[in-house]
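Starting from the given sequences, assemble the full structure and let the hints guide the process.
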Amino acid sequence: MDFDLPDSALAVRDGVRAVAAKYDHEYWSRCEEEHRFPAEVYQDLCDGGWIGLSIPEEYGGGGQGLLELVVANETLCASGGTAGGFLYVLNPGFGATTIIRHGTEEQKQRLLPGLASGEIHFALGLTEPDAGSNAIEISTSARRDGDDFLIKGQKVWISNMENADWMIAVTRTIPAAEATPRVNGFTLFLVPVKEALAAGTLSYTPIPKMGTNVLTSSQVFLDDVRVPVDNVIGEVDAGFGVLWDVLNPERIIAASGGVGGAEAALAIAADYARERSVFGRSIGTNQAIQFPLAQIKATTELARLMTYKAAWLFDQGRPCGNEANVAKLTGAQVGWDAANQAFQTFGGMAYSKEYPVERLFRDARIAKNIPVAEELILAHIGTSMLGLPKSY
1 MDFDLPDSAL AVRDGVRAVA AKYDHEYWSR CEEEHRFPAE VYQDLCDGGW IGLSIPEEYG
61 GGGQGLLELV VANETLCASG GTAGGFLYVL NPGFGATTII RHGTEEQKQR LLPGLASGEI
121 HFALGLTEPD AGSNAIEIST SARRDGDDFL IKGQKVWISN MENADWMIAV TRTIPAAEAT
181 PRVNGFTLFL VPVKEALAAG TLSYTPIPKM GTNVLTSSQV FLDDVRVPVD NVIGEVDAGF
241 GVLWDVLNPE RIIAASGGVG GAEAALAIAA DYARERSVFG RSIGTNQAIQ FPLAQIKATT
301 ELARLMTYKA AWLFDQGRPC GNEANVAKLT GAQVGWDAAN QAFQTFGGMA YSKEYPVERL
361 FRDARIAKNI PVAEELILAH IGTSMLGLPK SY
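Residue numbers (our numbering): 1 to 392.
If you anchor each label on the Cβ, the simulated ranges turn out as follows:
id : residue 1 : residue 2 : range
1  : R17       : R143      : 47 to 55 Å
2  : P181      : E275      : 53 to 61 Å
3  : D7        : Q290      : 34 to 42 Å
4  : G317      : S277      : 50 to 58 Å
In the DSSO-like style, the derived pairs of lysine-lysine whose C-alpha atoms are separated by at most 27 Å in a straight line are:
id : residue 1 : residue 2
5  : K353      : K368
6  : K209      : K368
7  : K297      : K368
It should be emphasised that the hints constitute simulated quantities derived from the structure, not laboratory data. The beta carbon of each residue, even a glycine, is placed where N, CA and C say it ideally should be.
Written out as structure tokens, the structure reads:
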């Protein structure tokens with residue numbers, strides 16, 4: 001859909017589409033089966049400048065914005081690489097967007113060129129065993145020790161630790177029980193992952209999971225990880241605003257993955273519905289097959305527009321929390337609906353690994369829970385957009 005997209009975004013779509021065309025469903029299914037990072041497609045995207053899109057030109061990037069990133073991610077996911085959406089959440093989202101907006105000049109010089117080239121990988125350490133959606137209750141602490149901080153705690157469901165050079169660790173420098181207001185006392189740090197692993201102060205354990213196995217998701221243990229004060233992102237005790245500039249882009253990029261995943265599922269479902277003949281005619285002739293797919297296609301177009309709007313607002317420096325949440329909700333829902341209906345369209349053959357439906361089905365389901373559960377988004381919409389009493 002080209003309506004109202006700037007030429008820069010259209011060029012990104014065409015460029016990423018050309019890269020993605022080299023990697024078919026079989027490639028992504030092999031990566032999934034082998035639990036293997038899609039290094040080939042990632043390097044091709046980096047070489048073409050499609051990962052460093054939002055990084056300013058003076059640091060080796062493309063000088064574009066979040067809108068171009070979401071178009072790139074949508075295009076990659078629409079090609080069938082639905083788990084590949086994490087490639088845009090992790091390094092361009094968690095890494096580049098955070099450093100561009102809140103990093104010091106030294107941090108930008110140190111990290112942005114490597115993020116643009118693909119040499120540096122990032123992870124985000126936010127979620128904890130007892131603090132998922134309720135991030136205010138995180139207990140990972142950072143205490144001052146001379147010119148350094150010592151970080152201690154546990155994180156869970158942290159993606160990309162096997163590749164990460166840096167992890168943005170979200171910590172409490174003021175415990176939640178002592179913070180007034182409770183959003184005070186957050187501090188974000190750049191943790192050098194490989195150094196901490198070598199020092200024995202950081203370790204991680206991959207979590208067996210049902211899908212998106214092109215990246216691990218891990219439990220991470222921080223045992224007095226030493227980090228210099230120069231690695232603080234933003235200001236000590238005032239990191240909550242920085243955190244929202246991490247989470248809003250994450251939700252918007254995730255929404256674009258849902259839209260792209262919906263297109264991938266609709267494409268294979270429509271192809272199969274045209275080709276599969278039962279009772280002497282194509283099953284796509286039957287309204288029981290055709291109408292659900294058509295309805296999902298219509299909803300996909302609406303989710304795409306909201307995702308673009310949220311990204312545009314972010315690029316303009318305007319408030320985008322409501323739009324980011326609506327985009328994430330609708331993108332995840334339509335991605336799941338499309339995969340589920342594709343499964344139904346294929347009938348029993350959807351259960352076979354001969355077709356990519358089962359992989360798209362597994363990849364789509366988790367988006368209703370991450371990066372934030374849809375129930376919490378609905379609660380936000382109820383209170384923030386409808387003015388209803390807070391339910392939590």
